[in-house]
Amino acid sequence: MTGNTWLDNLFASVAAVLVALLAFKITLVAVRRLAGRYPIASAFLDRTRRPARWLLVIVALQFVWEHSPDRLPLVGAVRHATALGLICTLTWLGLRVISAFVAIATLLNPSDTADNLRARRLQTQVNVLGRTLMVFVFVIGVAGALMTFPSVRQIGTSLLASAGVAGLVAGLAARPVLGNIIAGLQLALTQPIRLDDVLIIEGEWGRVEEITGAFVVVRLWDERRLVVPLQWFIEHPFQNWTRSSSNIIGTVFWWVDYRMPLEPLRAELTRLCESAPEWDRRLVLLQVTDASEKSIQLRALVSSADSSLNWDLRCRVREGLIAFIARQYPDYLPHLRAEIVDGGQHGVTTKRHLREG
Numbered sequence: 000m001t002g003n004t005w006l007d008n009l010f011a012s013v014a015a016v017l018v019a020l021l022a023f024k025i026t027l028v029a030v031r032r033l034a035g036r037y038p039i040a041s042a043f044l045d046r047t048r049r050p051a052r053w054l055l056v057i058v059a060l061q062f063v064w065e066h067s068p069d070r071l072p073l074v075g076a077v078r079h080a081t082a083l084g085l086i087c088t089l090t091w092l093g094l095r096v097i098s099a100f101v102a103i104a105t106l107l108n109p110s111d112t113a114d115n116l117r118a119r120r121l122q123t124q125v126n127v128l129g130r131t132l133m134v135f136v137f138v139i140g141v142a143g144a145l146m147t148f149p150s151v152r153q154i155g156t157s158l159l160a161s162a163g164v165a166g167l168v169a170g171l172a173a174r175p176v177l178g179n180i181i182a183g184l185q186l187a188l189t190q191p192i193r194l195d196d197v198l199i200i201e202g203e204w205g206r207v208e209e210i211t212g213a214f215v216v217v218r219l220w221d222e223r224r225l226v227v228p229l230q231w232f233i234e235h236p237f238q239n240w241t242r243s244s245s246n247i248i249g250t251v252f253w254w255v256d257y258r259m260p261l262e263p264l265r266a267e268l269t270r271l272c273e274s275a276p277e278w279d280r281r282l283v284l285l286q287v288t289d290a291s292e293k294s295i296q297l298r299a300l301v302s303s304a305d306s307s308l309n310w311d312l313r314c315r316v317r318e319g320l321i322a323f324i325a326r327q328y329p330d331y332l333p334h335l336r337a338e339i340v341d342g343g344q345h346g347v348t349t350k351r352h353l354r355e356g
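The sequence shown begins at 0 in numbering that gives the first Met the number 0 and counts up by one.
Simulated from the structure, these hints should not be mistaken for lab results.
The model shown is predicted, which means the values in this text are computed figures rather than measured ones.
Don't take each hint at face value.
To be verified - Below, in silico cross-link-like pairs of lysine to aspartate or glutamate (EDC-like), each with a Cα-Cα straight-line distance of 16 Å or less:
1) LYS24 - ASP45
2) LYS293 - ASP330
3) LYS293 - ASP256
Could you build the full structure based on these sequences and the hints that come with them?
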């Protein structure tokens, strides 16, 4: 297949590339026809098609140059270049295969459903593990490419005696990176957080928008983004409102006068919840939770299917009950009472009662 001159080998390389591309085209058409009825197979094929084509081309070139005469000038450099291309293409193909499996898992477990807890759990595991595997594949590919250079192998051999010190220094320098990788694996396996979980972090309310190999992006309620390192979730406490279910119970507090009758308030609270689309009909409750020298504190408990709906329901209940009290019992809103005692004529004490609304 190869000749004794560069021109012969160039012609052989072109022929090998054309044969490889033709074989890939025929195979691609056949595989597309078989996978056309299966969206999963089509998604896998779309993501791996380009690196697979280049891999076949480079394998064909590698076959030609490996069978070329050693006496050709610069043939060693060409062989080295094709070997580097083969390693890079294999790394690219590995990354695309992992990406394809992540996309397929997301396709099989959509999170845009009412009960998406299982889907979010699987998506979180697959995304975190997929990114971790991508890091390892990339590192292996870079290491394989570097090991094709003899000078690098010689440097590695000469530094073998000091590998303990070098490993210690490298470990200390890479501690944040390694810590995040290990934290990512812990998060994927134990899953204290998942994609689209509702969290309270440092007093901020938001949803998990993205989990990468180094950090978590939390979309806050006002559309800001809070970027938190993965290791932070292992070392610090936080609130997860959707850990086992998205159902949640919200509270509404307000103060009223001691004379306020509670049964009308309970009836009005029930009416407000029954007319609210945010209420999931699980819980509605009114309780006296505190009392001071001026007024009593009431607490309403209302339930919803998720935290966003519950926030709207709490606002609706708070507004409705305040309006009800102001309309039906305006005198029973909290008042400030005071008693002034002053000495009158002939030593008679006079008391005046003040009440401020």
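Q. Does the alpha-carbon distance linking LYS24 and ASP45 stay inside the 16 Å limit?
A. At roughly 14 Å apart (the allowed maximum being 16 Å), ASP45 and LYS24 satisfy the hint.
For a C-alpha distance cap of 16 Å, please report whether LYS293 and ASP256 respect it.
holds, 7 Å
Taking only the CA atoms, is the gap from LYS293 to ASP330 under or equal to 16 Å? Within the cut-off at roughly 14 Å; holds.
Violated hints are absent here; each numbered hint is respected by the structure.
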